[in-house]
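Protein chains in written order, with the numbering used here: chain A, 1 to 217; chain B, 1001 to 1217; chain C, 2001 to 2226; chain D, 3001 to 3226.
Please note that a few of the clues may not be correct.
Claimed, not checked - In silico EDC-like cross-links for lysine to aspartate or glutamate, where the CA-CA straight-line distance does not exceed 16 Å:
#1 D:Lys3134 x D:Glu3099
#2 B:Lys1018 x B:Asp1157
#3 D:Lys3004 x D:Asp3223
#4 D:Lys3129 x A:Asp3
#5 A:Lys78 x D:Glu3099
#6 B:Lys1145 x B:Glu1197
#7 C:Lys2129 x B:Asp1129
#8 B:Lys1078 x C:Asp2153
#9 C:Lys2004 x C:Glu2204
#10 C:Lys2186 x A:Asp105
#11 B:Lys1006 x B:Glu1152
#12 D:Lys3186 x B:Asp1105
#13 B:Lys1145 x B:Asp1105
#14 A:Lys6 x A:Asp105
#15 A:Lys6 x A:Asp129
#16 C:Lys2004 x A:Glu48
#17 C:Lys2004 x A:Glu206
#18 D:Lys3095 x D:Glu3135
#19 B:Lys1006 x B:Asp1177
#20 D:Lys3004 x B:Glu1197
#21 B:Lys1018 x B:Asp1200
#22 C:Lys2186 x C:Asp2223
#23 D:Lys3004 x B:Asp1157
#24 D:Lys3046 x D:Asp3003
#25 B:Lys1006 x B:Asp1129
Simulated from the structure, these hints should not be mistaken for laboratory data.
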Amino acid sequence: MSDAVKNSAWSRAEMAAKVAAAIPEGWYVNLGIGIPTLVADFVPATREVVIHSENGLLGMGPAPAKDAIDPWLINAGKQHVTLRTGGSYMHHADSFAMIRGGHIDLCVLGAFEVASNGDIANWATSVNDTAPAVGGAMDLAVGAKRLWVVMEHTTKDGRPRLVDQCQYPLTALAAVDRIYTNLAVLDVVESGFVVREIIDGVSFDELQARTGARLSQ
Amino acid sequence: MSDAVKNSAWSRAEMAAKVAAAIPEGWYVNLGIGIPTLVADFVPATREVVIHSENGLLGMGPAPAKDAIDPWLINAGKQHVTLRTGGSYMHHADSFAMIRGGHIDLCVLGAFEVASNGDIANWATSVNDTAPAVGGAMDLAVGAKRLWVVMEHTTKDGRPRLVDQCQYPLTALAAVDRIYTNLAVLDVVESGFVVREIIDGVSFDELQARTGARLSQ
Amino acid sequence: MIDKFVTNMADAMSGIADGATVLVGGFGQVGQPNALIEALIEHGAKDLTVVANNAGTGRAGLARLMELGRVRRIVCSFPRSTGSVVFEELYAAGKIELEIVPQGTLAERMRAAGAGVRAFYTPTAVGTKLAEGKEVREIGGTNCVLETALHGDVALVECWTADRWGNLVFRSSGRNFNPVMAMAGKLTIVQTQHVAELGELDPEVIVTPGIFVNRVIHVPYGDPPL
Amino acid sequence: MIDKFVTNMADAMSGIADGATVLVGGFGQVGQPNALIEALIEHGAKDLTVVANNAGTGRAGLARLMELGRVRRIVCSFPRSTGSVVFEELYAAGKIELEIVPQGTLAERMRAAGAGVRAFYTPTAVGTKLAEGKEVREIGGTNCVLETALHGDVALVECWTADRWGNLVFRSSGRNFNPVMAMAGKLTIVQTQHVAELGELDPEVIVTPGIFVNRVIHVPYGDPPL
């Protein structure tokens, strides 16, 4: 990594905060495991955003204090959570009706790869993995009104995660609308990836060099 | 009508009582409009039979006293009813899931015609009627585990209602299991109608003469 | 702060376009969003497709909307019932289109719309007039008809209590089609008898979570007629 | 008098046959019918197909059932999770079959079974490995996969309170797959934390009406592990 990238690359928390800042009041939002889960912490308590968890919670709240854990109240990542005032419980078919019926305004997921046509690969770590865990990823990627991805811009060994065509098994076709990486914010439009923001000190050309598909500005 | 038929034909109440006597404790039962509705009155209060009404009641009770009507509590026939202890309310999709998913042990319907293969015609009064009201009849006829029909053995002008082939528009194919008429009780089996009981003073041949399909004993 | 309450019917009806498909809750006189239907009459949208269990009775409410010539097409299970005089007249005169759907299929088609199921196979109506022209296919030894999801541009819903997030509970047989239509409507408008503070409704007993609701108006109109 | 309560596990498990498809409720550690799973181990049925969200963790419960070689096939959305050691071993050794189903499709397939929908079209999984070999069809401009109803011969369900008619309510996220599986099981067996007198459960708040329940056993086992 160049020094500029090293110095100014967004942290996981910064990526989550950026996503949170872009979520308006009143949206129904499902947050995937990993960085997406952190997003909830950055939505100000004064802004009512309704978090959905696919195991049957609408209006999920933050993690409880250690001495106030309700053992019956977990989220899709099996973490103990709380329910906000105004929240409700539902069974799995009703919960996924919200997702699959297009009622979730936004889903935020992690991913291994996103292609310039919006294809997403986020469930199987290799084409040889014959028992990967899909969970609700395919339902969410297809069903939510908007799909945003949060991920590192490249793999640890520097291979791009934004690509012309996904190499990993697909989760959904042409589903991603926006990507938050540690280096940039990009939208996926008809013509491919459009850069909306880059971290300080990194040029468009430097970002392009770390990306496996053509970027536009 | 012959004198024997006139004298001993079962009344509507007797038909309903016969149906009620054949319903064991614990069955979930949906009763159609007309004579079937009367069946509930003949199930002894000590025998727990759970009546379903397709507008979202499970555990329907008898009509309320005039001064105890709940205006919010009606059945599928739009009559004011009560809910038994143990009953519950559900929305239309959940209510019809009970019907269509094969959870109702017995549905009792009126009919215009039943054919010897179990076809039932009970929703359109003529082939020329272009706006007949089907309601839940098709769902019930197909979905319930058992379908019993209660109807007069013949039309007012003496035409048989038990026939080789229905002339009226069909409600469902091969759906009827048993028929209670004012003259007899019949099962529908592979080979057609089988007579289980005839009113006093009427012979098998006399019943056959009033029937539009071959009967067996 | 999320607040789905509107305080007047003009706001409640805002944006309902000519040509819209409007789902109307209620079964018999119970759980009918009567005030919303009146408001829709006032609002003026025309060329509507109405989805409801019945085709209206008497000359008020849905029947009035039809009588004013604003309904091009009605989708229902029970068009001809006691007092469906307006429908009968219009239908006899060829002034209204009718699609009859078995009641369970009607509920399931709207539930499918709300749940993202695009089409489904059901044995209901196989071999009858109501399956004419529809694809029939054998699945696991049973012939089934292919039925498609039935979306509403608008759903008009009546409930017992609502809060500002649009969480709803219903009363007794007033529940009927209302929660299903709330799911199936792109714009779901609710009239509620009672208003609850947020949090007053137990999260375990909310029947329609607010995600399915766009607007709520407080109309404490009382009991259905006996 | 209808009384669905049984007082011992042998009666609860009676009739579960070799080769049965068994739906097992729960998500994570919450709402899992642990006592019923133990009883199924004791009961001895083998050659089972198990439908559950996960493929078991640790070496108890579902994992133990698998380790004993009693599960021929597992249908789930999340086979590989922290602690799914037994599944991993059996799968690597070719001793268990696996069908991975997207979690929403899994829930919807069981809901379909319970509701009499024989098959349905969904856009979930189109263009992915999980749609391989399945019919794909365009409906209203969207490519969809045909998915079939998923019935259980048996459903094992955990709930918070039950009455003698088999009416059930759940607690918080313990609801999850339980009500859906109750609908989809031909023989639905429930373990309940609490017992209510008939009529104690408000008819407006019953989540699973007794029509979907065959047997109930009182197992006040307490909270899921933290």
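Right, here's what the structure says about each hint:
1. For the hint linking Lys3134 of chain D to Glu3099 of chain D, the alpha-carbon distance of about 13 Å falls within 16 Å, and the restraint holds.
2. This hinted pair does not check out: Lys1018 of chain B and Asp1157 of chain B have alpha carbons roughly 25 Å apart, beyond 16 Å.
3. In summary, the hint linking Lys3004 of chain D to Asp3223 of chain D is not supported, as the alpha carbons are separated by about 24 Å, beyond the 16 Å threshold.
4. Restraint check: the Cα-Cα separation between Lys3129 of chain D and Asp3 of chain A comes to about 40 Å, which exceeds 16 Å; the hinted pair is violated.
5. Restraint check: the Cα-Cα separation between Lys78 of chain A and Glu3099 of chain D comes to about 22 Å, which exceeds 16 Å; the hinted pair is violated.
6. The suggested pairing of Lys1145 of chain B with Glu1197 of chain B is violated, with an alpha-carbon distance near 23 Å, which exceeds 16 Å.
7. Annotation: proposed proximity of Lys2129 of chain C to Asp1129 of chain B holds, straight-line Cα distance about 11 Å (limit 16 Å).
8. Distance hint between Lys1078 of chain B and Asp2153 of chain C is unfulfilled; the C-alpha atoms sit about 28 Å from each other, more than 16 Å.
9. Proposed proximity of Lys2004 of chain C and Glu2204 of chain C is contradicted: the alpha carbons are some 21 Å apart, above 16 Å.
10. Of the supplied pair hints, the one linking Lys2186 of chain C and Asp105 of chain A holds, its CA atoms being roughly 13 Å apart against a limit of 16 Å.
11. For the hint linking Lys1006 of chain B to Glu1152 of chain B, the alpha-carbon distance of about 13 Å falls within 16 Å, and the restraint holds.
12. A distance of roughly 13 Å separates the Cα atoms of Lys3186 of chain D and Asp1105 of chain B; the hinted pair therefore holds under the 16 Å criterion.
13. Pair hint Lys1145 of chain B plus Asp1105 of chain B holds up; C-alpha atoms about 5 Å apart against a cutoff of 16 Å.
14. Straight-line distance between C-alpha atoms of Lys6 of chain A and Asp105 of chain A comes to about 34 Å, which puts the hinted pair past the 16 Å bound.
15. For the hint pairing Lys6 of chain A with Asp129 of chain A, the CA-to-CA distance comes to about 33 Å; that exceeds 16 Å, so the pair is violated.
16. The suggested pairing of Lys2004 of chain C with Glu48 of chain A holds, with an alpha-carbon distance near 12 Å, which does not exceed 16 Å.
17. Between the alpha carbons of Lys2004 of chain C and Glu206 of chain A the distance comes to roughly 46 Å, so the proposed pair goes past 16 Å and is violated.
18. The straight-line distance between the Cα atoms of Lys3095 of chain D and Glu3135 of chain D is roughly 29 Å, outside the 16 Å bound, and the hint therefore fails.
19. Of the supplied pair hints, the one linking Lys1006 of chain B and Asp1177 of chain B is violated, its CA atoms being roughly 27 Å apart against a limit of 16 Å.
20. Among the hinted pairs, Lys3004 of chain D with Glu1197 of chain B is inconsistent with the structure: their alpha-carbon atoms are about 34 Å apart, more than 16 Å.
21. Of the supplied pair hints, the one linking Lys1018 of chain B and Asp1200 of chain B holds, its CA atoms being roughly 15 Å apart against a limit of 16 Å.
22. For the hint pairing Lys2186 of chain C with Asp2223 of chain C, the CA-to-CA distance comes to about 28 Å; that exceeds 16 Å, so the pair is violated.
23. Between Lys3004 of chain D and Asp1157 of chain B the alpha-carbon distance is near 49 Å, which puts this suggested pair outside the 16 Å criterion.
24. Taking the CA atoms of Lys3046 of chain D and Asp3003 of chain D, the gap is near 29 Å; set against the 16 Å cutoff, the hint is violated.
25. Straight-line distance between C-alpha atoms of Lys1006 of chain B and Asp1129 of chain B comes to about 33 Å, which puts the hinted pair past the 16 Å bound.
Consistency with the previously given hints fails for numbers 2, 3, 4, 5, 6, 8, 9, 14, 15, 17, 18, 19, 20, 22, 23, 24, 25, ordered from lowest to highest.
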